[in-house]
Every structure is written in structure tokens, then in C-alpha cells.
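S.K.: Those sequence lines, one after another, are chains A and B.
Sequential numbering of the first sequence, starting at 1, is according to the working numbering.
Sequential numbering of the second sequence, starting at 1, is according to the working numbering.
These aren't lab readings, by the way, just hints derived from the structure by calculation.
Note that CB positions come from ideal geometry on N, CA and C, so glycine has one too.
Do not take every clue at face value.
As the list claims (entries may be wrong) - Distance condition first, Cα-Cα at most 27 Å in a straight line; then the derived DSS-like pairs of lysine-lysine:
1) B/Lys71 x A/Lys2
2) B/Lys52 x A/Lys56
3) A/Lys67 x B/Lys22
4) B/Lys40 x B/Lys71
5) B/Lys67 x B/Lys44
6) B/Lys67 x B/Lys41
7) B/Lys9 x B/Lys40
8) A/Lys67 x B/Lys19
9) B/Lys71 x A/Lys99
10) B/Lys19 x A/Lys2
11) A/Lys2 x A/Lys42
12) B/Lys52 x B/Lys40
13) A/Lys67 x B/Lys52
14) A/Lys2 x B/Lys9
15) A/Lys99 x B/Lys52
As the list claims (entries may be wrong) - Here chain B is said to cover these stretches of chain A; the calculated rule only asks that three of the stretch's residues, wherever they fall, bring their Cβ under 8 Å from a Cβ of chain B:
16) 22-30
17) 68-80
What the hints assert, rightly or not - One side of the interface only, derived from the structure: several residues of chain A facing chain B at Cβ under 8 Å:
18) Leu11
19) Leu65
20) Thr86
21) Lys99
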Amino acid sequence: QKEVEQNSGPLSVPEGAIASLNCTYSDRVSQSFFWYRQYSGKSPELIMSIYSNGDKEDGRFTAQLNKASQYVSLLIRDSQPSDSATYLCAVIRKSSGDKLTFGTGTRLAVRP
Amino acid sequence: DTAVSQTPKYLVTQMGNDKSIKCEQNLGHDTMYWYKQDSKKFLKIMFSYNNKELIINETVPNRFSPKSPDKAHLNLHINSLELGDSAVYFCASSQHTAGEETQYFGPGTRLLVL
Chain A
1 QKEVEQNSGP
11 LSVPEGAIAS
21 LNCTYSDRVS
31 QSFFWYRQYS
41 GKSPELIMSI
51 YSNGDKEDGR
61 FTAQLNKASQ
71 YVSLLIRDSQ
81 PSDSATYLCA
91 VIRKSSGDKL
101 TFGTGTRLAV
111 RP
Chain B
1 DTAVSQTPKY
11 LVTQMGNDKS
21 IKCEQNLGHD
31 TMYWYKQDSK
41 KFLKIMFSYN
51 NKELIINETV
61 PNRFSPKSPD
71 KAHLNLHINS
81 LELGDSAVYF
91 CASSQHTAGE
101 ETQYFGPGTR
111 LLVL
């Protein structure tokens, strides 16, 4: 089982819709969770971090964490074509020396 | 004023050669990292340094040797390059060790081994 799993996609949504990106992780002692966005040919950039159960909102982005289900998601409201990118879920496991472990990413395509 | 910079941006070389990639950050961060992103876009940590001290060393062939002359620089030297080393190598930095700290990535070095 992979440490961090994501559906590779592509996830295709129309402009203005809500895009829902999901991620599961295998290690229950994981403590910190991040969503990075990576445009093609560019470097990853952090868009959201979440550390406790529940929802965290930042503009059009909402991260949701459920530690009991070992599940973290990212919702993008009012999706724009400029949101088209690969979204990488990343997890810190204290047991691994604060190492950031990435999923393989979900490619999102927002159709105009 | 780039926060995390890497040189070179592109590197094309023959199998068996030795090459180096340089990374510099001007954010005043204590911790720097090297990641490898393969052709399937999987991003995996290789090394991290905190204040010039190695703190994470993943299962990486010993042909790869990181060097941190000071906390603003982390270089990666690769000996005897192999075809499988072709990838994008990203340098990153964070204020302290990962924990809850944001990691800032450099633009990447695209290495192609022929």
C-alpha cells in the first residue's frame, strides 16, 4: 500500500463548478497535511495546509481532514481554467523524521 | 529576487559522467532539501540538511552526494550518471525542519542522461 494515495485523474470539471480532490494516507500517526499545486513544467507551490480534523477555508479553497478515516481532501469552488494543474497531496509523519511524503498527484482540467 | 534558485535549469549529459547541481536560498531558512521527480511526476525526497547537518538521507545510491557549505546552499553531486537518473531535481527550503513549516521549491533542474 502506498503511503499517500491519490487518483491520478484527469479530473475534468466545467468552469464555475466545484472540483473535489481526494487523498488517503496509510500511517495513522501522520500529523501534518499539505496540498501543493504544480503547473506543467513548474515547481510545486503550497496552497493549503491542515493539521487538525475539520475544514479549513482560504478563498476558493477548502481543505478537509478526517484523521479517523485517514482522508484529506481539497475543494476548489468556482473552478477557473487557471486552476488546471496537478495537485499533490503531502503528509508529514513524525515517525519518519519530519519527512514530507507526496502522493502521485491528481491532474485537474477545468473546461472553459 | 528569487527565493530558491537552482543551476543549471537544464542538464544533458552522457552516461558515466559526473555532474553537479547547485541550490541557493535567500529566505534565511535553516533547512534545505533535494527531491527527485520522475517521469510519472512522483516527487520523492532524497536528502535534507538543517544548518549544514544531514538529517534525512533516503535510500539513495551513494553516487549521489549532497554538500552544504553553509545553510543557504545545498549542492548535489552525482557520480557515474545512469539512464535512470533522468528526472527533474527540485531543491526546497523551510524555516526549520518540515513539521508544520511550508517548503518553498526552486524551479527545478531537468536532467537528461543519454
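S.K.: Each of the hints needs a verdict: does it hold here or not?
M.R.: Comparing the hints with the structure gives:
For the hint pairing B/Lys71 with A/Lys2, the CA-to-CA distance comes to about 33 Å; that exceeds 27 Å, so the pair is violated. Of the pairs offered as hints, the one joining B/Lys52 and A/Lys56 is violated, with about 35 Å between alpha carbons and a cut-off of 27 Å exceeded. For the given pair, A/Lys67 sits about 38 Å from B/Lys22 by alpha-carbon distance, which is inconsistent with the 27 Å threshold. For the given pair, B/Lys40 sits about 31 Å from B/Lys71 by alpha-carbon distance, which is inconsistent with the 27 Å threshold.
For the hint pairing B/Lys67 with B/Lys44, the CA-to-CA distance comes to about 19 Å; that is within 27 Å, so the pair holds. Taken as a hint, the B/Lys67 and B/Lys41 pair is honoured in the structure, with Cα atoms around 25 Å apart against an allowance of 27 Å. Distance restraint check for B/Lys9 and B/Lys40: the Cα-Cα separation of roughly 20 Å lies within the 27 Å cut-off, and the hinted pair is therefore satisfied. For the proposed pair A/Lys67 and B/Lys19, the alpha carbon gap of about 43 Å is over 27 Å, so the pair is violated.
Restraint check for B/Lys71 and A/Lys99: the C-alpha separation of about 19 Å stays at or below 27 Å, so the hint holds. Distance check on the hinted pair: B/Lys19 and A/Lys2 sit about 32 Å apart at the alpha-carbon level, beyond 27 Å; violated. A threshold of 27 Å between alpha carbons decides the hint, and for A/Lys2 with A/Lys42 the separation of about 25 Å falls inside it, so the pair holds. Between B/Lys52 and B/Lys40, the direct Cα distance comes to roughly 31 Å. Violation of the 27 Å bound is thereby established for this hinted pair.
Between A/Lys67 and B/Lys52 the alpha-carbon distance is near 34 Å, which puts this suggested pair outside the 27 Å criterion. As the CA atoms of A/Lys2 and B/Lys9 are separated by approximately 31 Å, the hinted pair breaks the 27 Å bound. For the suggested pair A/Lys99 and B/Lys52, the alpha carbons sit about 17 Å apart, so the restraint of at most 27 Å is met. Counting residues of the segment 22-30 of chain A whose CB lies closer than 8 Å to any CB of chain B gives 0, so the stated coverage by that chain is violated, three being the minimum.
A stretch counts as covered by a chain when three or more of its residues have a beta carbon under 8 Å from one of that chain; for the segment 68-80 of chain A and chain B the count is 0, and the coverage is violated. Below 8 Å, beta-carbon pairs count as interface contacts, and A/Leu11 has none with chain B, the closest being about 15 Å; its hint is therefore violated. Among the interface hints, the one on A/Leu65 is violated; its C-beta lies about 13 Å from the nearest C-beta in chain B, farther than the 8 Å criterion. For A/Thr86, the shortest C-beta to C-beta distance to chain B is roughly 6 Å, which falls under 8 Å, so the interface hint holds.
For A/Lys99, the interface hint holds, since its Cβ comes within 8 Å of a Cβ in chain B; the closest pair sits about 6 Å apart.
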